[in-house]
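J.: So the chains spell out like this:
Protein chains: 2
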Amino acid sequence: MAIHYPNGSTYNWPKDNHRPKSHYNNNKLTLYGDRGMTLEQEINKSNLYYLNQDIAVIHKKPTPIQIVKVDYPKRSAAVIKEAYFQKASTTDYNGIYMGNYIDFDAKETRNLTSFPLANFHKHQVEHMRKCVHQGGICFALIKFVKTDELFLFKATDLFSYWDSQYVGGKKSIKKTIIEKLGIKINYSLNPTIPYLSAVDQLLNSKGES
Amino acid sequence: MAIHYPNGSTYNWPKDNHRPKSHYNNNKLTLYGDRGMTLEQEINKSNLYYLNQDIAVIHKKPTPIQIVKVDYPKRSAAVIKEAYFQKASTTDYNGIYMGNYIDFDAKETRNLTSFPLANFHKHQVEHMRKCVHQGGICFALIKFVKTDELFLFKATDLFSYWDSQYVGGKKSIKKTIIEKLGIKINYSLNPTIPYLSAVDQLLNSKGES
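For the protein sequence lines, the chains are A and B, in the order given.
The first sequence begins at 1 in UniProt numbering and counts up by one.
The second sequence begins at 1 in UniProt numbering and counts up by one.
These are computed hints drawn from the structure, not numbers from a lab.
Be careful, since some hints might not be right.
Which copy is meant is left open, because identical chains are indistinguishable; a pair holds if it fits in one copy or across any two.
To be verified - Below are the BS3-like pairs computed for lysine-lysine, each with C-alpha atoms no more than 27 Å apart in a straight line:
(1) LYS61 <-> LYS154
(2) LYS60 <-> LYS154
(3) LYS130 <-> LYS180
(4) LYS87 <-> LYS74
(5) LYS61 <-> LYS81
(6) LYS130 <-> LYS206
(7) LYS175 <-> LYS206
(8) LYS107 <-> LYS69
(9) LYS45 <-> LYS69
(10) LYS45 <-> LYS60
These figures come from a predicted structure and were not determined experimentally.
Using the sequences provided together with the hints, build the complete structure.
T.: Next up, the structure:
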């Protein structure tokens, strides 16, 4: 849990959880998202809600790991003794929602006025391009951490800015552009991040066009 | 590469690859699948073909691993020093094919006349059930290793046999049933396992019904 003071400094609560009782417990809701959770945790929690409510089946893929050495002790589980983190070749999340293939990645930035494109790897963008080509619903969930603002940003919009950086364009997307083209997602109680409501908007606008 | 003798014993070629040249190298194709590849490798290779040909975007999910200890040596990559394999909570493969969400698992059996249901975990079957509910195309690729026969078996068929084992039914599916209800997939050169042709049959029969 981190508290962000107006002067920009951050206070991190000690890990043994000597922190004020959650606003949830006080039955007074302040919907800034649970500041103790990372974006990944917020999304996982939301996905679990969607799963349990039979709304969608969307999971985070496990982190790819290259295993070098494994021990097999007698009568106990195999122990991985040497392994390395690998770069993901796809996005982190995918699944199905009402017959639609959903594919997205989640990115946080501490910047206040823009989102650096370097947050994406080239192969992630290429993966999304291939999924869009197959008819998938692809996007990024972009969080401005310091202001707790979250946006769904369509992959097709991302592609434009991604490609333009190679022909003299900017290496980042202005927050004002993300506000204009993206769909703002407001934190809620359950699911924490109701991003499928934003996907509904995408699907509706698709139907109209 | 393992050679399976008729008496049931197995000979594993030494790792330095002193094994007979692949039939592919001899330019004489025997389409039993490459016996040096596991089913997983065959599917990964096929998925790569589908990906490169812009036919579908289907990936194997990384194996979930619980990381306990990581070292961060100076000036080099983080090394995982203690970690354990976790059971997957979903199937191994998913992705998108012509707008359809695809979700499946691959299972091998050395049995000759039946496929033991114990090859599946309960949560994998539940995952497929939820995906089918959302409109996904779900199935198992079942390989009878000793005869190199491969079948696409629809998840909805699997559910019947899976459920019946809890009410006095058999703990396995007879091969004759898999031959009757499933779709046989013949090995080919590229993709090694043309399983999307079998999916086409599923999609066509869906359209008719």
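J.: The structure should be examined with respect to each hint, and the outcome stated for every one.
T.: Verification of the hints:
1. Taking the shortest Cα distances, LYS61 and LYS154 sit within 27 Å of each other both inside one copy (20 Å) and across copies (24 Å).
2. Taking the closest pair of Cα atoms, LYS60 and LYS154 come within 27 Å of each other both inside a single copy (19 Å) and across two copies (25 Å).
3. Proximity of LYS130 and LYS180 under a CA criterion of 27 Å is satisfied intra-copy only: 25 Å inside one chain copy versus 35 Å between copies.
4. Only between protomers do LYS87 and LYS74 lie at most 27 Å apart by alpha-carbon distance; the minimum there is 20 Å, versus 33 Å within a single protomer.
5. In this assembly of identical chains, LYS61 and LYS81 lie within 27 Å of each other by CA distance both inside one copy and across copies; the values are 22 Å within and 22 Å between.
6. Proximity of LYS130 and LYS206 under a CA criterion of 27 Å is satisfied in both settings, with 18 Å inside one chain copy and 25 Å between copies.
7. Taking identical chains as interchangeable, the C-alpha atoms of LYS175 and LYS206 lie at most 27 Å apart only when both belong to the same chain, with a minimum of 24 Å there against 45 Å between chains.
8. Taking the shortest alpha-carbon separations for LYS107 and LYS69, only the inter-copy value of 25 Å comes in at or below 27 Å, while the best intra-copy value is 32 Å.
9. Proximity of LYS45 and LYS69 under a CA criterion of 27 Å is satisfied inter-copy only: 25 Å between copies versus 33 Å inside one chain copy.
10. Taking the shortest alpha-carbon separations for LYS45 and LYS60, both the intra-copy value of 11 Å and the inter-copy value of 23 Å come in at or below 27 Å.
Checked against the numbered hints listed earlier, the structure breaks none of them; every hint is satisfied.
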